[in-house]
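S.K.: Residue-level listing of the chains:
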Amino acid sequence: MAVTVSSERDTVATPIQRAFREAFYAGAISLGLFVLFIGLRTDQNISNELILVQRWVLLAIVVIAVTLGRFVYVAYALPAMARSKAEKATAPAIVAEPGFLKRNFNRIGLVVLLLYPIAMVLLFGFQGSLKWVDNFGIQILIYVMLAWGLNIVIGLAGLLDLGYVAFYAVGAYAYALLGTHFGLSFWILLPAAGCMAAFWGVMLGFPVLRLRGDYLAIVTLAFGEIIRLVLINWREVTNGSAGISGIPKVSFFGLMSFNVSDPNYIAKVLHIAQSGAYYKIFLYYLALALCLLTAFVTIRLRRLPVGRAWEALREDEIACRSLGINTTTTKLTAFATGAMFGGFAGSFFAARQGFVSPESFVFLESAIILAIVVLGGMGSLGGIAVAALVMIGGTEILRELDFLKAVFGPDFTPELYRMLLFGMAMVIVMLWKPRGFVGSREPTAFLKERRAVSASFTKEGHG
Amino acid sequence: MNAQASANDFILQVEHLSMKFGGLVAIGDLSFQARRGEITALIGPNGAGKTTVFNCITGFYKPSEGMLTLNRRDGTTYLLERLPNHEIPARAKVARTFQNIRLFSGMTLLENLLVAQHNKLMKASGYTFLGLFGFPSYRQASAESIDLARHWLEKADLIDRADDPAGDLPYGAQRRLEIARAMCTGPELLCLDEPAAGLNPKESAALNDLLMDIKNNTGTSILLIEHDMSVVMQISDHVVVLEYGRKISDGNPQSVRTDPRVIAAYLGVDDEEVETVLTEVGDEDVIEQLDTGPDSAHGPGNSASMMAGPVSDSVEHADEGERVTVSKGASKAAQVDARAASVASKPRSAAKPAAKSSTAKAAPKKPAAKASATKAGSASKGKETAAKPTAGKPGGRK
Ligand SMILES: Nc1ncnc2c1ncn2[C@@H]1O[C@H](COP(=O)(O)OP(=O)(O)OP(=O)(O)O)[C@@H](O)[C@H]1O
Ligand SMILES: [Mg+2]
Numbered sequence: 110m111a112v113t114v115s116s117e118r119d120t121v122a123t124p125i126q127r128a129f130r131e132a133f134y135a136g137a138i139s140l141g142l143f144v145l146f147i148g149l150r151t152d153q154n155i156s157n158e159l160i161l162v163q164r165w166v167l168l169a170i171v172v173i174a175v176t177l178g179r180f181v182y183v184a185y186a187l188p189a190m191a192r193s194k195a196e197k198a199t200a201p202a203i204v205a206e207p208g209f210l211k212r213n214f215n216r217i218g219l220v221v222l223l224l225y226p227i228a229m230v231l232l233f234g235f236q237g238s239l240k241w242v243d244n245f246g247i248q249i250l251i252y253v254m255l256a257w258g259l260n261i262v263i264g265l266a267g268l269l270d271l272g273y274v275a276f277y278a279v280g281a282y283a284y285a286l287l288g289t290h291f292g293l294s295f296w297i298l299l300p301a302a303g304c305m306a307a308f309w310g311v312m313l314g315f316p317v318l319r320l321r322g323d324y325l326a327i328v329t330l331a332f333g334e335i336i337r338l339v340l341i342n343w344r345e346v347t348n349g350s351a352g353i354s355g356i357p358k359v360s361f362f363g364l365m366s367f368n369v370s371d372p373n374y375i376a377k378v379l380h381i382a383q384s385g386a387y388y389k390i391f392l393y394y395l396a397l398a399l400c401l402l403t404a405f406v407t408i409r410l411r412r413l414p415v416g417r418a419w420e421a422l423r424e425d426e427i428a429c430r431s432l433g434i435n436t437t438t439t440k441l442t443a444f445a446t447g448a449m450f451g452g453f454a455g456s457f458f459a460a461r462q463g464f465v466s467p468e469s470f471v472f473l474e475s476a477i478i479l480a481i482v483v484l485g486g487m488g489s490l491g492g493i494a495v496a497a498l499v500m501i502g503g504t505e506i507l508r509e510l511d512f513l514k515a516v517f518g519p520d521f522t523p524e525l526y527r528m529l530l531f532g533m534a535m536v537i538v539m540l541w542k543p544r545g546f547v548g549s550r551e552p553t554a555f556l557k558e559r560r561a562v563s564a565s566f567t568k569e570g571h572g
Numbered sequence: 074m075n076a077q078a079s080a081n082d083f084i085l086q087v088e089h090l091s092m093k094f095g096g097l098v099a100i101g102d103l104s105f106q107a108r109r110g111e112i113t114a115l116i117g118p119n120g121a122g123k124t125t126v127f128n129c130i131t132g133f134y135k136p137s138e139g140m141l142t143l144n145r146r147d148g149t150t151y152l153l154e155r156l157p158n159h160e161i162p163a164r165a166k167v168a169r170t171f172q173n174i175r176l177f178s179g180m181t182l183l184e185n186l187l188v189a190q191h192n193k194l195m196k197a198s199g200y201t202f203l204g205l206f207g208f209p210s211y212r213q214a215s216a217e218s219i220d221l222a223r224h225w226l227e228k229a230d231l232i233d234r235a236d237d238p239a240g241d242l243p244y245g246a247q248r249r250l251e252i253a254r255a256m257c258t259g260p261e262l263l264c265l266d267e268p269a270a271g272l273n274p275k276e277s278a279a280l281n282d283l284l285m286d287i288k289n290n291t292g293t294s295i296l297l298i299e300h301d302m303s304v305v306m307q308i309s310d311h312v313v314v315l316e317y318g319r320k321i322s323d324g325n326p327q328s329v330r331t332d333p334r335v336i337a338a339y340l341g342v343d344d345e346e347v348e349t350v351l352t353e354v355g356d357e358d359v360i361e362q363l364d365t366g367p368d369s370a371h372g373p374g375n376s377a378s379m380m381a382g383p384v385s386d387s388v389e390h391a392d393e394g395e396r397v398t399v400s401k402g403a404s405k406a407a408q409v410d411a412r413a414a415s416v417a418s419k420p421r422s423a424a425k426p427a428a429k430s431s432t433a434k435a436a437p438k439k440p441a442a443k444a445s446a447t448k449a450g451s452a453s454k455g456k457e458t459a460a461k462p463t464a465g466k467p468g469g470r471k
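These protein sequence lines are chains A and B, in that order.
Add 109 to a position in the first sequence, counting from 1, and you land on the number used in the working numbering.
Add 73 to a position in the second sequence, counting from 1, and you land on the number used in the working numbering.
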C-alpha cells in the first residue's frame with residue numbers, strides 16, 4: 110500500500126496523525142481494488158443464468174481489516190521497530206552471544222528427531238502415532254533430503270535446476286521397476302537407484318551445462334517435463350498414468366519383515382501386538398539415516414577440493430577457469446551428486462508409498478523443493494531443514510485445523526488454501542530475510558577462527 | 074647461439090598473433106617475446122588490445138591467427154592456442170589476474186587461495202573418493218596447501234585478514250589477493266592485467282615490492298599490463314608498446330620511453346602539435362632526432378614501424394568481410410613514422426646512443442614521464458571517441 114509519503118510531512122506529523130491518514134488512504138485504495146473483486150461475484154443460478162452476487166458485508170470486513178492493519182502498523186509497529194533499531198545502534202559493543210538454543214541447534218535438532226516417534230507413540234498410542242510419524246515425520250524428512258540434494262546443485266554450485274524432480278522420478282521408478290520385476294531388496298536397489306539418477310544427471314548435464322542462468326533453468330525445466338511425459342507414455346514399461354503398485358516393502362535388513370503374512374513378521378518374531386506403526390517408525394528412522402548421510406556427505410564434500418570448486422564456480426566461473434579448474438566436470442559432478450541424492454529420496458519414496466505414478470513428479474514438486482532451498486538459505490543445511498519443516502509441516506497441519514470450520518462455515522477446507530499460504534509465507538520470508546533463514550555462509554577452512562561470511566558477499570551464481 | 078638455447082631463453086613467444094572480432098581487428102600481426110625470469114610490460118593507450126592479448130594467451134579467446142609458444146622450465150613446450158582454457162593454468166602453468174578484479178568474494182581469503190590449489194588437492198584427495206573417507210594422504214596435502222596459502226598471505230601482507238571474506242577487503246588488498254591467488258597455482262608465467270590500477274602511491278610501492286619479490290625469489294616470469302608508468306619504468310625489464318592492436322615499440326624501458334612513436338601514441342595529440350609536445354616533454358634526444366637534416370623519403374624504418382604497417386590505407390576489403398582498422402590520422406605513432414621518414418637523416422642508428430644517454434638521465438626525467446602518463450589517460454580517451462566514428466563507418470556502408 111502507499112508507503113511513499115514525502116519526508117517533510119513525516120517529520121511534522123506525529124505517528125498517530127500519520128497513521129490515521131495512511132489508514133484512510135489504505136482503506137480507500139483497498140475499497141477501490143476490492144469493490145469488483147470481492148464486492149461482486151459472478152455466479153450461475155439454477156437455470157444456468159449468469160447472475161451477480163453482492164457481498165457488501167465481506168467487502169466491508171476486508172476494507173476495515175486493511176484500514177486497521179495499516180493504522181496499527183504505522184502507529185505502533187513502525188515506531189517500535191525504529192526504537193529497537195536505534196537501541197541496537199547505540200549498543201553495538203555488546204556482541205550478542207548466541208543463545209544456548211542457537212549454539213547447540215544441530216545437537217538439539219538431532220535429539221528431537223531421534224525421540225520424535227517415541228514421543229508420538231507415548232502421546233497417541235501406536236495407532237494414533239501413525240499419522241504423526243508418517244505424514245509429518247517421514248514426509249518432511251523426504252523433502253529435507255530432496256532439498257539438501259538440490260542444495261548441492263543450486264546452493265553450492267549455483268546452477269539453477271528447475272527439473273530436479275526428474276531425478277526423484279528416476280530414483281522412484283528405478284526402485285519400483287527393479288523391485289517388482291526382479292524382487293531385489295531395498296538395500297541393493299537404493300544405491301542402484303542413486304547411481305541411475307546420477308547417470309541421468311550426467312546425461313542431462315553434458316549438453317546443458319554450456320548454458321547459463323535462465324537458459325539452464327528453462328532447459329532443466331523441460332527435462333523434468335520430458336521425464337514425466339516419458340513415464341506417462343511409455344506404457345509397456347511404466348504402466349502409464351496408472352502407475353506401478355505392489356512395490357515390495359523394505360525389510361529390517363533381511364532379518365525381519367513388515368508383511369503380516371510372512372513367517373518372520375516383526376510382531377511374530379518379537380512377540381508383540383500387530384501394528385502398522387512398526388513399519389512407519391522403521392521407515393522414519395531409515396529416512397532420518399538417509400538424511401544424515403546426505404548431510405554428512407555434503408559437509409564433507411564442502412571441505413574437499415570439489416566442494417570448494419563448486420562454491421568458487423558459484424562465485425566466479427571465469428576466475429575458476431583462470432585457476433585451472435575444469436568447470437565442465439566440476440558442474441557435472443555437482444549435477445550428478447545432487448541427482449544421486451534425489452535418486453535416494455525417490456527410491457525411499459517408492460518404498461514408503463508402495464506405489465508410484467507420474468502424478469507425484471509434476472513441476473510443482475520441483476518448485477516446492479526449490480522454494481525450500483531458497484527459503485532456508487542457499488547452502489545452509491540447518492536453514493533448509495527448518496524451511497522444510499515450516500513449509501511441509503505447515504501445509505500438513507492445515508488438514509488438522511478443523512476448528513476453522515466453526516469459524517468459516519462447514520464447507521471451509523483449509524487444505525485448499527495450501528498454495529496461497531505457501532506463497533504468502535514465501536513473500537513474507539523474502540521480505541524479512543532476503544537470503545533465507547540462514548543467509549550467512551560457513552567457511553570451509555580457517556587459520557585462526559571460523560567466522561560466518563555475511564550474505565552480502567556471497568553470490569547466487571549465474572548458472 | 075643455437076636455436077634450442079634461444080628458444081629456452083624465452084618463456085613465451087608470440088608470433089603473428091591476430092585477433093578479430095567481426096570486422097574489428099583488436100590485434101593485428103603482433104609478435105614479441107618474453108624472457109624467462111624477467112618482467113615484460115605490455116603498455117599502450119586504452120583499447121590498444123592489451124587485455125585481448127592476455128585473453129588469447131590464457132585461452133579465453135581463440136586467436137584468429139598466430140602462434141603462442143610457451144616453454145616451461147623443464148623443457149616441455151606448449152602451443153597455448155591449442156590448449157583448452159582450463160589446461161593453460163593447469164599444464165602450461167600460466168596464471169593471470171583480471172583488469173576488473175575477479176575474486177571469490179563470498180569465500181574467505183584462505184579459501185580463495187585453497188581453490189587456486191584445486192588440481193593438486195584434487196589429485197591428493199583421490200578425486201574426492203579418498204578424501205571423503207578422510208585418508209591421511211589427503212590430510213597431509215591439505216595441511217601443505219594451507220601452509221602455501223599462509224606463505225602467500227604473508228607475502229601479500231594479508232595474513233591478518235585470512236578468515237575474512239574476500240569481498241570485504243579494500244581495493245588495494247583485493248588486487249594483492251588476486252596476485253597471491255594466482256601465485257598459489259605455482260605458475261611459471263604470471264600475467265597481471267593492470268595490477269596498480271586504483272592503488273594509492275603507497276600501495277603501488279608495496280605492489281612493486283611484491284612483484285620484485287616474486288621475480289627474484291620464485292623464478293616466475295611476469296607479463297604485466299600497466300598504465301602507471303612509475304610501475305612500468307621501475308620494475309620492468311622489457312616493454313612492448315601496442316597501439317590499435319599493433320606493436321609500435323619494443324625494447325628496454327628507457328628506449329621505449331624516448332621513442333617518439335610511443336610518446337605520440339600516449340599523448341594522442343594533433344598532427345601539428347606532435348613537435349611542440351615533444352619539446353614540452355623536454356627530451357632533447359627525441360627532438361634531436363626529429364630535427365636532424367632531411368633524408369631520402371624512404372629511409373630504413375625500424376622493425377617496429379614495419380610491424381605497425383601503413384595505417385593510412387586503413388579500410389581494406391578482405392575476403393572474409395570488411396576489415397576495419399583505424400582511419401588516417403588516428404594513429405599518432407604512424408604520424409611520427411611518416412614525419413620521421415620525411416625529416417630524419419640518420420634515422421634509427423641514433424636511437425641506440427640516445428637510449429644510453431637517457432639511461433643516465435632517467436632519474437631527473439621521471440616527472441616528465443609521469444606527466445605524460447597522467448596526460449595519456451585523458452588524451453587517449455578523447456582520441457578513442459574521435460576514432461570510433463571512423464571505425465564504425467564501413468559497417469554502416471554495408
Ligand atoms: N569480446 C570482444 N568482442 C568485441 N570486441 C572486443 C572484445 N574484446 C575486446 N574487444 C575490442 O578490442 C579492442 C581492444 O580491447 P582491449 O580490452 O584488449 O583493450 P585494452 O588495451 O586492454 O584497453 P584498456 O587499457 O582500456 O584496458 C577494443 O576496441 C575492444 O572494444
Ligand atoms: Mg585492458
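Where hints are given, some of them may not hold.
[Unchecked claim] With a Cα cut of at most 25 Å, we get these calculated DSS-like pairs of lysine-lysine: (1) Lys194/A <-> Lys211/A; (2) Lys288/B <-> Lys557/A; (3) Lys228/B <-> Lys193/B; (4) Lys135/B <-> Lys93/B; (5) Lys275/B <-> Lys557/A.
[Said to hold, decoys possible] Going by beta-carbon spacing under 10 Å, a handful of chain B positions derived as facing chain A: (6) Tyr134; (7) Ser137; (8) Glu138; (9) Gly139; (10) Thr142; (11) His159; (12) Gly179; (13) Glu184.
[Claimed, not checked] Footprint (simulated), chain B over chain A, 3 or more residues, beta carbon under 8 Å: (14) 400-412; (15) 426-437; (16) 546-559.
Since the hints were made in silico from the structure, they are not lab data.
Note that CB positions come from ideal geometry on N, CA and C, so glycine has one too.
S.K.: Each hint should be assessed against the structure and marked as holding or not.
M.R.: Now for the hints, and whether the structure bears them out:
no. : hint                  : in the structure
1   : Lys194/A <-> Lys211/A : holds (22 Å)
2   : Lys288/B <-> Lys557/A : violated (30 Å)
3   : Lys228/B <-> Lys193/B : holds (21 Å)
4   : Lys135/B <-> Lys93/B  : holds (10 Å)
5   : Lys275/B <-> Lys557/A : violated (28 Å)
6   : Tyr134                : violated (12 Å)
7   : Ser137                : violated (21 Å)
8   : Glu138                : violated (23 Å)
9   : Gly139                : violated (21 Å)
10  : Thr142                : violated (19 Å)
11  : His159                : holds (5 Å)
12  : Gly179                : holds (3 Å)
13  : Glu184                : holds (6 Å)
14  : 400-412               : holds (count 3)
15  : 426-437               : holds (count 10)
16  : 546-559               : holds (count 9)
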